[in-house]
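Student: Can you build the whole structure from these sequences, using the hints too?
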Amino acid sequence: MTTVTTSTDTGAATPAPVARDFRLIDSTLRDGSHAISHQYTVEQVVAIVKGLDAAGVQVIECAHGDGLGGSSFNYGFSKVDELLLVEAAVQATTDAQIACLLVPGIGTVDDLKRVRDLGVDVARIAVHCTEADITEQHIKAAKELGMEAVGFLMMSHMNTPAGLLAQAKLLQGFGADTVYIADSAGAMTTNEVRARVAEIVGGIDVPLGVHAHQNLSLAVANSIAAYEEGARNLDGTSAGLGAGAGNCPTEILAAVCEKNGIVSGVDVLKLMDVAEEVTRPLMDRQQVVDRAGLLLGYAGVYGSFLLHAQRAAERYGVSQADILLELGRRKVVGGQEDMIIDVAVELARKHAALEVTP
Amino acid sequence: MGLPVAIIGSGNIGTDLMYKLERSEVLDLVALIGIDPESEGLKRARDRGFEAPANGIDWVKDNPDAVQIVFDATSAYVHVRHAKVLAELGITAVDLTPAARGPKVIAAVNLLEHLDAPNVNMVTCGGQATTPMVAAVSRVARVPYAEMVSAVSSKSAGPGTRQNIDEFTRTTARALEEIGGAEIGKAIIILNPAEPPINMRNTVFCALPEGTDHAAVIASIEAMVADVAAYVPGYRLKQPPLIEEGPFSTPGGVVPFRSVTLLEVEGAGDYLPTYAGNLDIMTAAAVRVGEAMAAHRASGTPTADQQEVTA
Numbered sequence: 025m026t027t028v029t030t031s032t033d034t035g036a037a038t039p040a041p042v043a044r045d046f047r048l049i050d051s052t053l054r055d056g057s058h059a060i061s062h063q064y065t066v067e068q069v070v071a072i073v074k075g076l077d078a079a080g081v082q083v084i085e086c087a088h089g090d091g092l093g094g095s096s097f098n099y100g101f102s103k104v105d106e107l108l109l110v111e112a113a114v115q116a117t118t119d120a121q122i123a124c125l126l127v128p129g130i131g132t133v134d135d136l137k138r139v140r141d142l143g144v145d146v147a148r149i150a151v152h153c154t155e156a157d158i159t160e161q162h163i164k165a166a167k168e169l170g171m172e173a174v175g176f177l178m179m180s181h182m183n184t185p186a187g188l189l190a191q192a193k194l195l196q197g198f199g200a201d202t203v204y205i206a207d208s209a210g211a212m213t214t215n216e217v218r219a220r221v222a223e224i225v226g227g228i229d230v231p232l233g234v235h236a237h238q239n240l241s242l243a244v245a246n247s248i249a250a251y252e253e254g255a256r257n258l259d260g261t262s263a264g265l266g267a268g269a270g271n272c273p274t275e276i277l278a279a280v281c282e283k284n285g286i287v288s289g290v291d292v293l294k295l296m297d298v299a300e301e302v303t304r305p306l307m308d309r310q311q312v313v314d315r316a317g318l319l320l321g322y323a324g325v326y327g328s329f330l331l332h333a334q335r336a337a338e339r340y341g342v343s344q345a346d347i348l349l350e351l352g353r354r355k356v357v358g359g360q361e362d363m364i365i366d367v368a369v370e371l372a373r374k375h376a377a378l379e380v381t382p
Numbered sequence: 004m005g006l007p008v009a010i011i012g013s014g015n016i017g018t019d020l021m022y023k024l025e026r027s028e029v030l031d032l033v034a035l036i037g038i039d040p041e042s043e044g045l046k047r048a049r050d051r052g053f054e055a056p057a058n059g060i061d062w063v064k065d066n067p068d069a070v071q072i073v074f075d076a077t078s079a080y081v082h083v084r085h086a087k088v089l090a091e092l093g094i095t096a097v098d099l100t101p102a103a104r105g106p107k108v109i110a111a112v113n114l115l116e117h118l119d120a121p122n123v124n125m126v127t128c129g130g131q132a133t134t135p136m137v138a139a140v141s142r143v144a145r146v147p148y149a150e151m152v153s154a155v156s157s158k159s160a161g162p163g164t165r166q167n168i169d170e171f172t173r174t175t176a177r178a179l180e181e182i183g184g185a186e187i188g189k190a191i192i193i194l195n196p197a198e199p200p201i202n203m204r205n206t207v208f209c210a211l212p213e214g215t216d217h218a219a220v221i222a223s224i225e226a227m228v229a230d231v232a233a234y235v236p237g238y239r240l241k242q243p244p245l246i247e248e249g250p251f252s253t254p255g256g257v258v259p260f261r262s263v264t265l266l267e268v269e270g271a272g273d274y275l276p277t278y279a280g281n282l283d284i285m286t287a288a289a290v291r292v293g294e295a296m297a298a299h300r301a302s303g304t305p306t307a308d309q310q311e312v313t314a
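For the protein sequence lines, the chains are F and S, in the order given. Mapping of the first sequence onto this note's numbering: residues 25 to 382, in sequence order. Mapping of the second sequence onto this note's numbering: residues 4 to 314, in sequence order.
Keep in mind that the hints were calculated from the coordinates and are not lab data. A portion of the hints provided could be inaccurate.
[Claimed, not checked] Residues from chain S shown here face chain F by an in silico Cβ test under 8 angstroms; the list is partial:
#1 E150
#2 N167
#3 F251
#4 V263
[As the list claims (entries may be wrong)] Cut-off 25 angstroms, straight-line C-alpha distance, at most; resulting in silico cross-link-like pairs (BS3-like, lysine-lysine):
#5 K193(F) - K158(S)
#6 K103(F) - K137(F)
#7 K283(F) - K294(F)
#8 K74(F) - K294(F)
#9 K103(F) - K74(F)
#10 K193(F) - K167(F)
#11 K374(F) - K355(F)
#12 K64(S) - K87(S)
#13 K158(S) - K241(S)
#14 K87(S) - K355(F)
#15 K355(F) - K158(S)
#16 K374(F) - K241(S)
[To be verified] Example chain S residues on the side facing chain F (calculated, C-beta under 7 angstroms, incomplete):
#17 R165
#18 D169
#19 T172
#20 K189
#21 I191
#22 L194
#23 N195
#24 P196
#25 A197
#26 T206
#27 S252
All values reported here derive from a predicted model rather than from experimental measurement. All residues carry an ideal CB built from backbone N, CA and C; glycine is no exception.
Tutor: Written out as structure tokens, the structure is:
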């Protein structure tokens, strides 16, 4: 694939409207929700939307971390009804579009209609990377509602480049305006990202996006590589707030793009301010690649399992690392958070059995 | 002689149901009805000595006295048409599609409530698997909120499920409320493509308000598991029933505890592979309902003894 270079001089002052080399979608208010156990308040949503919007981010995603309807025992209950948060996001933005994520099997078309009524423009329909055919009714509904429909393939490390292309074609066939591959486990090396993006870009007619995670410390590098291979949508979150070891940090991605001469159209310094002054103060923990975070990427485990596994480990007195490794062995996919309890209880029973038989 | 019945729909579900009905002592399977004479299901039906017509519902119209119950394993769309025809002929429909024309029946919970209904609906696989666990809790405690999570192997999810997955979540959530007894119900389904295919897994969470007798909840769940396993042999607890401490801010209010029931359903392997417990529980539950109807017709109201026999 070609490496796109730009003739635009990217100075500190970026005039609007800008010709952008790619579209930046910020998911702080959706994927970031995992990292704070879905405890966003309206005030926090408004502050983040205003900051990102002023910095020139084009699309801001807001929903429960597991998408619309995700508030549950299995994924954690939202502190504030996500519809109130979405409504606040829509009202706080001036230029940026608001997006929502929906996982078929968790949310329904009813949820999509409700957020459309609130003014949401973009529907990201997320599905495990081999199951695209369950998104047909949701993608079609999004189109009928006049929304941009994005087909979003999760856990893309679990499918081959050719397999992902076939899934991307299904999404395109249902009417998706954009197709994404998400490295939900932060498990892909840069070469693996390149191979997948190159294969898909060559086989579909709609733009491709990449959503990267930080578990192998490769989120920014993988996003840049994806751009070089032809991806024209990239995801980030402010300060990297997100599932697992975090997402591709929006402000770092923007900074690296600028140094590489890739025009993101966003104000890097303003994004740094948002990250430092708005996002970091609300974080429960800094996004670092600690042992558990690295294990997710190493074992290919869904990033949002991290905190659930930590809680189950404490509840049942077993090791979080052991839980994550066993989940990887079982090839559990995104959404199966209940299996964390299953694994934790089983480990606890095994330990108990060892203790009573000396 | 048992009660004469037919199956319409010769796909995976209809064919699996054929093997289960063949074993029934109170239901006599007459025909497996399809629309493609070359289908695997009709071939197998012929091999086993059943009538295997390929003219769909017309066979029932042509033979209105041949059967008293028709199990419909086609699709929701087709069943709407079938329901009308069967009602006009006075033939009872046991509907395994999501069409939901008649009352919902969860075999372990409300089996005896709709024995005279002209059309009963078998809800969803997840509904059959998890509603009994919610009912088990709600018979000993108030359940302000209940939630089920079903994971099934990708191979066991057919095109009907895939094209309308919202139907699954909506219908199952309603069953948790209407039949399970939860004040608010939520359903989640996940498809897992792992090879070898996973067995069906279900997890049922119930919100437990202050003052709930936890020992009674656990005992009730264990008893209900045995009731379901009586007609679905591969239905089992994966771990003992758990009571986890919160607090949990559920849509039904803040509760101090929740019950967590981790279930696995392994299929009987009649026609569908054993991993397809989700399909097996539907066909097994449908047989259970058909047998209860037969017992009811034979003797007026079925006694507890007859239920034992038919189980």
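Student: Tell me the numbers of any earlier hints that the structure contravenes, in ascending order.
Tutor: 14
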